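K.L.:
All chains, full assembly: derive it from the sequences and hints.
Order-wise, the sequence lines are chains A and B. Using the working numbering, the final residue of the first sequence is 235, and nothing's skipped along the way. Using the working numbering, the final residue of the second sequence is 140, and nothing's skipped along the way.
Read the hints as simulated data drawn from the structure, not as lab findings. Among these hints, one or two may not hold up.
[To be verified] Here are some, though not all, of the chain A residues that point toward chain B, as calculated from beta-carbon distances under 8 Å:
1) E14
2) D106
3) E121
[As the list claims (entries may be wrong)] Pairs of lysine-lysine, DSS-like flavour, derived with a Cα cap of 27 Å:
4) A:K161 with B:K121
5) B:K30 with A:K161
6) A:K112 with B:K30
7) A:K35 with B:K86
8) A:K199 with B:K121
[Claimed, not checked] With the C-beta cut set under 8 Å, the calculated list includes, among others, these residues of chain A facing chain B:
9) R15
10) C41
11) Q96
12) F191
Keep in mind the model is a prediction, meaning the values are calculated, not measured. Glycine included, C-beta positions come from ideal geometry on N, C-alpha and C.
For reference, the chains in residue letters:
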Amino acid sequence: MMKVSAERIDVTQSIYDENDRIAAETWKVLDEKCIFTVNVMGAPGAGKTSSLIHLIQNMPQTRSYVLEGDIESDIDTVKMKGLGIETLQINTYGACHLDAPTVQKALEGLPLSEPGILFIENIGNLVCPAEFMIGEHIKLLVCSVAEGSDKPYKYPLAFEKADMILLTKIDLKAYVDFDEAFFFKGVQALNKDAAVFEVNAKTGEGFDGAAKYLENLASGGTEVKTYP
Amino acid sequence: MHEYPVTEQIIKIASEAAREHDAARVSLIRLVVGEQSGFVGDSIQMYFDILAVGTLCQGAALEMEYVKAQWICPGCDCYYVREPLSFACPQCGQDGLPSEVGKEFYVKDIEIEGRKDDESVC
Numbered sequence: 008m009m010k011v012s013a014e015r016i017d018v019t020q021s022i023y024d025e026n027d028r029i030a031a032e033t034w035k036v037l038d039e040k041c042i043f044t045v046n047v048m049g050a051p052g053a054g055k056t057s058s059l060i061h062l063i064q065n066m067p068q069t070r071s072y073v074l075e076g077d078i079e080s081d082i083d084t085v086k087m088k089g090l091g092i093e094t095l096q097i098n099t100y101g102a103c104h105l106d107a108p109t110v111q112k113a114l115e116g117l118p119l120s121e122p123g124i125l126f127i128e129n130i131g132n133l134v135c136p137a138e139f140m141i142g143e144h145i146k147l148l149v150c151s152v153a154e155g156s157d158k159p160y161k162y163p164l165a166f167e168k169a170d171m172i173l174l175t176k177i178d179l180k181a182y183v184d185f186d187e188a189f190f191f192k193g194v195q196a197l198n199k200d201a202a203v204f205e206v207n208a209k210t211g212e213g214f215d216g217a218a219k220y221l222e223n224l225a226s227g228g229t230e231v232k233t234y235p
Numbered sequence: 019m020h021e022y023p024v025t026e027q028i029i030k031i032a033s034e035a036a037r038e039h040d041a042a043r044v045s046l047i048r049l050v051v052g053e054q055s056g057f058v059g060d061s062i063q064m065y066f067d068i069l070a071v072g073t074l075c076q077g078a079a080l081e082m083e084y085v086k087a088q089w090i091c092p093g094c095d096c097y098y099v100r101e102p103l104s105f106a107c108p109q110c111g112q113d114g115l116p117s118e119v120g121k122e123f124y125v126k127d128i129e130i131e132g133r134k135d136d137e138s139v140c
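P.N.:
What follows is the structure in structure tokens.
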């Protein structure tokens, strides 16, 4: 007869452990191929795809690749491919962020034939993409003035984790009562290291500087945090 | 959808720990959930009740220990919970820095039953 008695077992294991292990594997493979990988995060409609197009077009000497994450549709991939950008679509059909196993599997379908920059456009969401590592060298946060200047205060983790921030749609500042001082005070409190670039995808304003900064990061000109 | 894959991980971690100890079942799983981890206890519970069926964790209770996000003041070195729309230290007014407190998301411990070496014939 079995004696039933409860016994406490210490576990202390992070629920992210397996994700992080796979992310580290992906990072190693990409790093060895000299593929500098950018996890592109931002709310739906922030201007992630338009920003990527401008960044890539401002780096004509750099080979660029894109992994497009969307819940459904391949609208962004069609747009990218139409511009001659090597792009692969990931559809998550409901999942609100990309995780490391999804990215690792998807990358099997994207031949990264020569060194360059791989942009992984995460699902439009300002919450969980910041929580899951996917094998990136840096996180690029895309945030539009139309979302409001209170976003660093409401979604602090995304701003804290970003290595580079694009503030998009700056032509709309006057129309949406964007409080610049309040926004930058929040960004500064959360993240003293991230470079912030103000850009306008309608005119292309600001993307040249952002692209130069990114190319410099990718070539090792600016120190990038080592993989945790 | 957000909590679905993490609930699978919780069951996997707890089941592996239970197997390592030759347990017949897991009766309790204690989680530490930081406020900034972005995960909602009730939602984890909902997925858990479905996903645990047929595993060593079936019927286990989930206990969650929530941790508030805390900030560190560079002026007075204190930890504090911030007010909405502000990062200011309540003592000196300086903007604080994010800390790791409130980002936790891990399985702290489990309670197991029916360990094989507990078996005895009466």
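K.L.:
Tell me if D106 of chain A is really an interface residue toward chain B, meaning its C-beta lies closer than 8 Å to one of theirs.
P.N.:
holds, 7 Å
K.L.:
Is the interface hint for Q96 of chain A satisfied, with its Cβ closer than 8 Å to some Cβ of chain B?
P.N.:
With Cβ-Cβ at 19 Å, over 8 Å, it is violated.
K.L.:
Restraint: C41 of chain A near chain B, CB-CB cut 8 Å. Satisfied or not?
P.N.:
Not OK, violated: C41 of chain A not within 8 Å of chain B, min 31 Å.
K.L.:
Would the stated hint for F191 of chain A survive a check requiring a Cβ distance to chain B of less than 8 Å?
P.N.:
violated, 12 Å
K.L.:
Does the alpha-carbon distance linking K161 of chain A and K121 of chain B stay inside the 27 Å limit?
P.N.:
holds, 16 Å
K.L.:
With 8 Å as the cut and Cβ atoms as the points, is R15 of chain A at the interface with chain B?
P.N.:
holds, 5 Å
K.L.:
Starting from K30 of chain B, check that the Cα of K161 of chain A is at most 27 Å away, please.
P.N.:
Given pair K30 of chain B, K161 of chain A is violated - Cα atoms ~32 Å apart, limit 27 Å.
K.L.:
Tell me if the straight-line CA distance from K35 of chain A to K86 of chain B falls inside 27 Å.
P.N.:
The hint is violated at about 34 Å.
K.L.:
Take the C-alpha atoms of K199 of chain A and K121 of chain B, compute the straight-line distance between them, and say whether it is at most 27 Å.
P.N.:
holds, 19 Å
K.L.:
At a threshold of 8 Å, is the proposed contact between E14 of chain A and chain B supported by beta-carbon distances?
P.N.:
Holds, about 5 Å.
K.L.:
Regarding the hint that E121 of chain A lies at the interface with chain B, is the smallest CB-CB distance below 8 Å?
P.N.:
Hint on E121 of chain A: violated, closest Cβ of chain B at ~33 Å, above 8 Å.
K.L.:
Regarding the pair K112 of chain A and K30 of chain B, is the alpha-carbon distance no greater than 27 Å?
P.N.:
holds, 21 Å
Hints 3, 5, 7, 10, 11, 12 from the list above are not met by this structure, while the remaining hints are.
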